[in-house]
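Listed here are the chains, written in short residue letters.
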Amino acid sequence: MTQALTFYIFSGISIVSALMVFSSSNPVKSVLWLVSVMVGVSGLFFNLSAPFVAMVQILVYAGAVVILFLFVVMIFDMKTEGKQVFSYGTFSSGLKVLFAGGFFGFVVFQIFFQIDRFGYLVPDKSAPQFEVRNLSKIIFTDYVFLFEVLGLLLLVIPIGTVALSRIRGGTHAE
Amino acid sequence: METIAPVLVLTLIVATFGSLLVYVSSILGPKQHYTKTKYMPYECGLPGTEADKTNVSVRYYLTAILFIVFDVEILFMYPWALTYKEFIAAGHGAYIFWVMFVFIALFLFGLVWEIKSKALEWD
Amino acid sequence: MGASAFEITVNLIKMIVIFLLMVQLVPILVWVERRGSAFIQNRFGPNRVGPLGLTQLLADAVKFLFKEEFRPPKSVAFMYYAAPVVALIPGALAFGSIPLSAPFSLEFGGEEFDFVFQSFQFGAGIVFVLAVSSLGAYALLFAGWGSGNKYSLMGALRASAQMISYELALGLSLVGILMIYGTFSFAEMVEAQQGPLRFVLFGKQIVVDFLPNWGIFYQPLGFILFFVATFAETNRAPFDLPEAEAELVAGYHTEYGGLKMLMFYIGEYGHMMVASGLLATFYFGGWDLPFGSAWIKDSVSSSFMYSMIMHLVFMGKVLLFLWIFIWVRWTLPRFRYDQLMDLGWKTMLPWALFNTILTAVVVVAFNSFGGAA
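Chains as they are written, first to last, in numbering that gives the first Met the number 0: chain A, 0 to 173; chain B, 0 to 122; chain C, 0 to 372.
This is chain A alone, in the form it adopts within the complex (with noise of 0.2 angstroms):
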């Protein structure tokens, strides 16, 4: 019952908080309303009895990404707040109707047509609980070649931004 009652919470909290992602004129605004996205979805996955992805879903997501995003929107020009976002114009607006509405058409024909298919995905009572240990000696054996090559991959992400804020001409050269 209490699991029923807080995924439609968090869902809900989740659902709101990205309308009004977009919505929101203000770009400052629509990356703090992310941060409750973010929040939302980290209930949903302590609700999938994953409390240490859900934590790492914040500390990472709404912890460090958000900040970044805050920090890259307030890096432009904020002065004029409530930008005209979407041109206007009869035909782009059908059309943005016409793509909005096919995309949302198909999201609800695969929830709708192949909801019996996830019957499998059901928790299953008798299946071992999420353990941070297992995750871990899955990581450090099976896939510790991937876990090494991530290393490589996040040593390459901040030298790139490093080599990209220095180019010449840039908006931000030194």
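A few of these clues could be false.
[What the hints assert, rightly or not] Cross-link-like lysine-lysine pairs, in silico, DSS-like; alpha carbons within 27 angstroms at most:
hint: 1; chain 1: B; residue 1: K117; chain 2: C; residue 2: K66
hint: 2; chain 1: C; residue 1: K73; chain 2: B; residue 2: K30
hint: 3; chain 1: C; residue 1: K66; chain 2: B; residue 2: K30
What the hints contain is simulated information worked out from the structure, not anything from laboratory work.
Keeping the supplied structure of chain A fixed, place chains B and C upon it in accordance with the hints.
The following block gives chains B and C in isolation, referenced to the frame of chain A:
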């Protein structure tokens, strides 16, 4: 099984408490008198000259992106640290040590590179 | 939350009591801070209202209540009002997940119920605290953006950049502790720190009778790094750049007054309490009283009484750390912003990495070194 419900309940309690404080102080305080200077953004008494929303330095962006990268690396060390003794007990002590040593060496290389490239300089 | 109505009620009461405990400690800490700073700077401090100025906090509360309600016209209403409320939440949630004492059991209707002395217990307690406190930056960003004042915004940006920079050193300094205890759970950590200092050295069990089995003896470097990083995380001096009054007026709460400003203070002191509680739990045995726990447990009849006494021990440790926080604030000068970032990235982070490797080497070399020996 662990449930998130108590966290939600406590959040609700705290939020109610906080909102109540804000509300109570808003009804108990005296009414506002309008003066022009009072309604300006506070800047040590001088009239403001610049817009309040200025652009921020690109350094904040660099700091944030470096933070994400290092944060993810540190988060991978947590499960490793958790099972470190178990691996040792199973006789794989040297293996699990070198696995993380390579990872930390890459981490350290990135960090030293950042410091050398002066990406972390604030002035 | 529990299965029966009794369990749910007790858990709810516990939750509210722990939150109120945190809130009511704030005026006392404000008084200690003001008297303490006066003592350190050879002044009197508040001494007029009541004995030793103790009722100064009551007078302050009344004053705060009757302050004029004011919102700058350039501000964003929702964010401006939400920021102080949001500032309370991370501290309260994090404080709620730290075990403040030994678990106890109560009898009701012929049945025995077990309770933990904390609002909620998670297996991954440490990660929960880290995650929740990383959300603390948003209260500042709400306040900074919502106030419509550039000093507020700059203070908030500085605060968040500072918090994320020191979160790295903070998170990394805990890896050593995790290696030694091999658990994410606070309760298991405290359990492992009971009794005299003992470890296995080259297959030989060594017991040091005159020292408790506390984390600080295994992780002295980690303790220093964690301790310094918490100062930056709580935005306290010498790392109180977000509210450097010489350059930023009052930082992110420039446009706040009255109770709303007080709520930011509750948030800040809440973070201090969380930091002190974590320091006590990781490095100083949590609610463990060295050489006394077992004796108290035997001489006290009910587990509830025992829990209460151990809670006093824990609070004693927390108050000691809170006093150190205040002491440092009034002793050390503020850093410059580039010095602050240099310290975080170029000094603390490499040292934390060194601590991790050192602990790993020692643990693997001594085969099993530490608490669970």
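Violating hint indices (sorted, rising): As far as the earlier hints go, only 1 is violated by this structure.
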